[in-house]
Amino acid sequence: MAGTLRVAVVRFPGSNCDLDAVRALDSIPGVAPDLVWHEDGAVSGYDAVVLPGGFSFGDYLRGGAIAARSPALRRIARLAEKGVPILGICNGFQILIEAGLLPGALLRNTTLRFVCRWVAVRVENDRTPFTRRMKKGQVMRMPIAHNEGRYTAPPAELRRLASDGRIVFRYCDESGEVTRASNPTGTSQNIAGICNKDGNVVGLMPHPERAADRVLSPFDTEDGALLFASLLRRE
Amino acid sequence: MSKARSFSVKVVISNREGASDPEGETIYRDLVSKSGYSQVRGIRSGKFLRFEVAAPDAGSAKDLVARICDELRIYNPAAHSITVEA
Chain A
137 MAGTLRVAVV RFPGSNCDLD AVRALDSIPG VAPDLVWHED GAVSGYDAVV
187 LPGGFSFGDY LRGGAIAARS PALRRIARLA EKGVPILGIC NGFQILIEAG
237 LLPGALLRNT TLRFVCRWVA VRVENDRTPF TRRMKKGQVM RMPIAHNEGR
287 YTAPPAELRR LASDGRIVFR YCDESGEVTR ASNPTGTSQN IAGICNKDGN
337 VVGLMPHPER AADRVLSPFD TEDGALLFAS LLRRE
Chain B
12 MSKARSFSVK VVISNREGAS DPEGETIYRD LVSKSGYSQV RGIRSGKFLR
62 FEVAAPDAGS AKDLVARICD ELRIYNPAAH SITVEA
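From first to last, the protein sequence lines stand for chains A and B. Mapping of the first sequence onto our numbering: residues 137 to 371, in sequence order. Mapping of the second sequence onto our numbering: residues 12 to 97, in sequence order.
These aren't lab readings, by the way, just hints derived from the structure by calculation. Glycine included, each C-beta is placed from N, C-alpha and C at the ideal position. Mixed in with the good hints, there may be bad ones.
[Said to hold, decoys possible] Computed far set for chain A versus chain B, every beta-carbon distance over 12 Å:
1. Pro207
2. Glu217
3. Gly301
[Claimed, not checked] If you want a taste of the chain B side facing chain A, the calculated C-beta under 10 Å gives, among others:
4. Asn26
5. Asp32
6. Asn87
[What the hints assert, rightly or not] If the Cβ cut is set under 7 Å, some of the chain A residues that face chain B in the computed set are:
7. Ser180
8. Leu237
9. Gly240
10. Ala241
11. Leu243
12. Thr246
13. Pro291
Please model the complete structure; the sequences and the hints are all you need to start from.
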């Protein structure tokens, strides 16, 4: 179909949010998702790529560290250079970091616990291909579910991310205030998501695919759908 | 011709100095310190890997493992440091 945006959702052994991502994308008119096995070369032919959440390769060594060396990531790195939108969700974010497509590290939560709950995040950058249908300052409801989501980077890198507008989402309270109490994992500067220099590679810990349908949200929201709908430019 | 022997190379990955290490801090504070071992000044947690490597000598086994750790990103230099010992 002309005008259809084709999106690859890359599945690794241990991915478990892949089908949710496909479903969330499929519900956006004009977006056609495919599930692509990480060892297939097919990923190169798509208009956008989503690395879903889960526990790729059992999270052995570190979340995302082994998947980052998959042949799919070499192809994805080439797509990223060409400006193709790439989204990493949770484990997908960890993979993008381990592959060097995003800077820094995601360490174990300060609580040393797997944190699984709905959070609020504030949109800090509404110019990426995954946030352009949002407004800066908008508060989004999405769940998080992870053990290693405490973003960190050397102090100079953190300053650069902030000054270059590359922090995409920050954990906040219901009114949109970024507070210590609203930081669920001890992550630096309440960072929930970042992007690369060109803005086309975005990683976030919250799960938009689990927040894209009102039936799944305790707040009767579908904020997550906005990330996927953003792939289509506003007319 | 010298025959390659097998060497055991030990790699410890830990959070970089200055990066908070909640696991090490908890073991230190809530187990060791609270049990009265005031001589212990701090604990850092880490991950341990032992590589079995065929190499002509211990030095080259260690060099190879150090290279692998960098190349395959066995550690994330943004947050971790490693020690490699043959």
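Answer holds if the nearest beta-carbon of chain A is closer than 10 Å to that of asparagine 26/B; otherwise answer violated. Holds. Min distance 7 Å.
Does the closest beta carbon of chain B sit nearer than 7 Å to the beta carbon of alanine 241/A? Result: holds, 3 Å to nearest chain B Cβ.
Does the CB of serine 180/A sit less than 7 Å away from some CB of chain B? 23 Å, violated
Are all beta-carbon distances from glutamate 217/A to chain B longer than 12 Å? Since the minimum Cβ distance to chain B is about 19 Å, glutamate 217/A lies beyond 12 Å and the statement holds.
Cut-off 7 Å, beta-carbon criterion: hint that leucine 237/A touches chain B: With a minimum Cβ separation of about 12 Å from chain B (threshold 7 Å), the hint on leucine 237/A is violated.
Does leucine 243/A hold up as a contact with chain B if the rule is Cβ-Cβ below 7 Å? 6 Å, holds
Is it the case that proline 207/A keeps its Cβ farther than 12 Å from each residue Cβ in chain B? With a cut-off of 12 Å, proline 207/A remains clear of chain B, as the shortest Cβ separation is near 14 Å.
Hey, does the threonine 246/A contact hint survive, CB to chain B under 7 Å? Cβ of threonine 246/A sits 5 Å from chain B, so the hint holds.
Do the numbers back the hint for proline 291/A, that is, is its least Cβ distance to chain B under 7 Å? 9 Å, violated
Can glycine 240/A be said to touch chain B, with a Cβ gap under 7 Å? Interface hint status for glycine 240/A: holds (5 Å vs cutoff 7 Å).
Given as non-interface: glycine 301/A, which should sit over 12 Å from chain B by C-beta: 20 Å, holds
Evaluation of the interface hint that places aspartate 32/B against chain A, nearest CB under 10 Å: Hint holds; aspartate 32/B Cβ to chain A Cβ min 9 Å, cut 10 Å.
In this structure, the hints that do not hold are numbers 7, 8 and 13, in rising order.
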